[in-house]
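Protein chains: 2
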Amino acid sequence: MRIAVDAMGGDHAPQEIVRGAIDYASSSTDEVILVGDSARLEREIAAYGKGHPPNVRVVHAQDVIEMGDHPATALRAKPRASIVVATDLVRDEAADAVISAGSTGATMAAAVFRLGRIKGIDRPALPAHMLTPTGPVMLLDVGANVDSDAENLVQYAAMGAIFAEHVLHVESPRVGLLNIGAEVEKGDSLAREAHEKLADAGIRFVGNVEAHDMIDHRADVVVCDGFVGNVVIKFFEGITSFIFRALREDLQQGPIAPLALLALRPGFDRMKARFDYERYGGAPLLGVRGVSIVTHGRAKARMIENAIRVGSEAARAGVPDLIAEWTREHPALAHRGVRSRIAARLHRERTRTA
Amino acid sequence: MRIAVDAMGGDHAPQEIVRGAIDYASSSTDEVILVGDSARLEREIAAYGKGHPPNVRVVHAQDVIEMGDHPATALRAKPRASIVVATDLVRDEAADAVISAGSTGATMAAAVFRLGRIKGIDRPALPAHMLTPTGPVMLLDVGANVDSDAENLVQYAAMGAIFAEHVLHVESPRVGLLNIGAEVEKGDSLAREAHEKLADAGIRFVGNVEAHDMIDHRADVVVCDGFVGNVVIKFFEGITSFIFRALREDLQQGPIAPLALLALRPGFDRMKARFDYERYGGAPLLGVRGVSIVTHGRAKARMIENAIRVGSEAARAGVPDLIAEWTREHPALAHRGVRSRIAARLHRERTRTA
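Sequence order for the protein chains is P and G. Letter 242 of the first sequence, counting from 1, is numbered 242 in the numbering used here, and no numbers are missing. Letter 320 of the second sequence, counting from 1, is numbered 320 in the numbering used here, and no numbers are missing.
You may find that some hints are simply not true.
If chains are identical, the list can't say which one is meant, so a pair holds when it fits in one copy or spans any two.
To be verified - Derived EDC-like pairs (lysine to aspartate or glutamate); straight-line CA-CA distance at most 16 Å:
#1 50 - 23
#2 186 - 42
#3 300 - 278
#4 50 - 185
#5 119 - 42
I should point out that these hints are in silico values taken from the structure, not numbers from a laboratory.
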């Protein structure tokens, strides 16, 4: 596999991106293509002191899309930005996957506009991994797919199930519908309509899942509208960081606290390992014609290395082809007639101007 | 003030309910009316050993609505249930507020059907208190008001602001709209429409608030559709209990862990105090013609005592009258023409049969 990496995106770019890429390449036969300011990348490679592995290649890109830039506008204004050049390598079949720790909006916009949507998928979706004691739960969409309709939710479900099975290696993944009650008739009009359609989607649909059920790992894949998913994931980040900050403040007071905390260090390390997001590397933008992995802006070398691994596995499994196959097998849920095509176009236009 | 308490509702009823009521009455001039099986309540009062305060009265009700009962059905089947009798005391002006730790659905249904809605309020809303380092944030609706429209959200905002100002004593409460971005144009169609109308609602609207902003206390009142609010609150309960359970498990391992944990006890107590929900007592069902306070099913005496205090303060402040006044001052946002009245009736009917 050939993995294009946007070496200029993310809080710790390019240093940590370069390091993650070299670490990955050193233990893999894949080719890693670092895309960005080539002079600077060569300097970072040299500075890391692990040599220049033969399977690490540098492709020059003169521009960078910054976090503050408006995604769609920046995409037009900077056609030579690293994320665009890296994505175009996938479009031109010179790479099998693209990875970025840069602006999520720009990475998604580049994938949607440069790779295009898979036929039958109205809206590409972005999942997030929620960690539970027994494994991750994929929640999608957490991107910006607001005002989803029932078919959108069914498509998220199918795409999430394909990724969970073929990349996360979950056998026959259980798919749930995020809802406010366990009973079939519960929820808003979207949830009630989606519930019916999910039963015929060729997936293992386990019914409604409440928010706390996710933490109990009642399903492997959970679908919801992007508004709800985005609220949940931002709330999750906010509340966990608040709790750990509060713990630190509250426990560090008093004369013997430092000693007691030292004694509990192994316990805190076990706790930290439970919330180890880095091992999941990143999340795939599902529904575009190619593999595009979005990783965290704060990603350091280890997480970048894992994100490249996820991209490689998704490309090897042929996730976009599997999704396309699902759309062909479920024409009623995938292709949605004139009204839906108009809705999809309006959505595209809104995405462009938003 | 005369406060009717459903003495039979909740996991620890009637014992803890009776205790909370006696504790409240001992330090207040309010009258507390315990509603339930009178013989049993008299026994509990005697068993508590603090005497029978003159301002605690018992009103007999022979039935109880159980947690598993369907709210609307149970309401019809058990007209002599404690929650119905207690709510009717408010309707008949024999009490100024009603408190229940029983089924939230039954308490809400009793309030809606026995007290009725305030004119101009289409849907009564239930808030939840989210604790932050600097004070609580009221999130509403977390009840079951799904498929809200923009006017509903504006009404939640006005009702939440009135409660925050007059009962929580927050001066000029900041009201935010839960959204997935800070910019005006962000969000789904509901959020974008509500954003416009909130500016003219006679409240201190501070704009969009993201989920993590709630934890940073960027607003005192945050409004959202009941589907989103219900998901957030259930997720919050799930994630906090998971983190604390995990901490216990992870920290208790190893020979010196018990001693170290003992040394950190004051720190853990400080942490526990941050998550002390009991002090807020309960949440008001806003928009009905009377004061109805829903408290937690697991509430013990201290929380019941606080819930009675909240009910007394809300009644003294005249919260329902203040809401009615707001609807008269904002006819465009409150009274919504024929189409809306039909929608409200359909919602009522769905609530009845759901």
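Hint check:
Proximity of residue 50 and residue 23 under a CA criterion of 16 Å is satisfied intra-copy only: 9 Å inside one chain copy versus 71 Å between copies. Taking the closest pair of Cα atoms, residue 186 and residue 42 never come within 16 Å of each other, the shortest separation being 57 Å inside a single copy and 40 Å across copies. Taking CA atoms no more than 16 Å apart as the test, residue 300 paired with residue 278 passes inside one copy only; the shortest distance there is 9 Å, against 41 Å between copies. Neither within a single protomer nor between protomers do residue 50 and residue 185 lie at most 16 Å apart by alpha-carbon distance, with minima of 59 Å and 47 Å respectively.
For the homomeric pair residue 119 and residue 42, neither the shortest alpha-carbon distance inside one copy (39 Å) nor that between copies (71 Å) is at most 16 Å.
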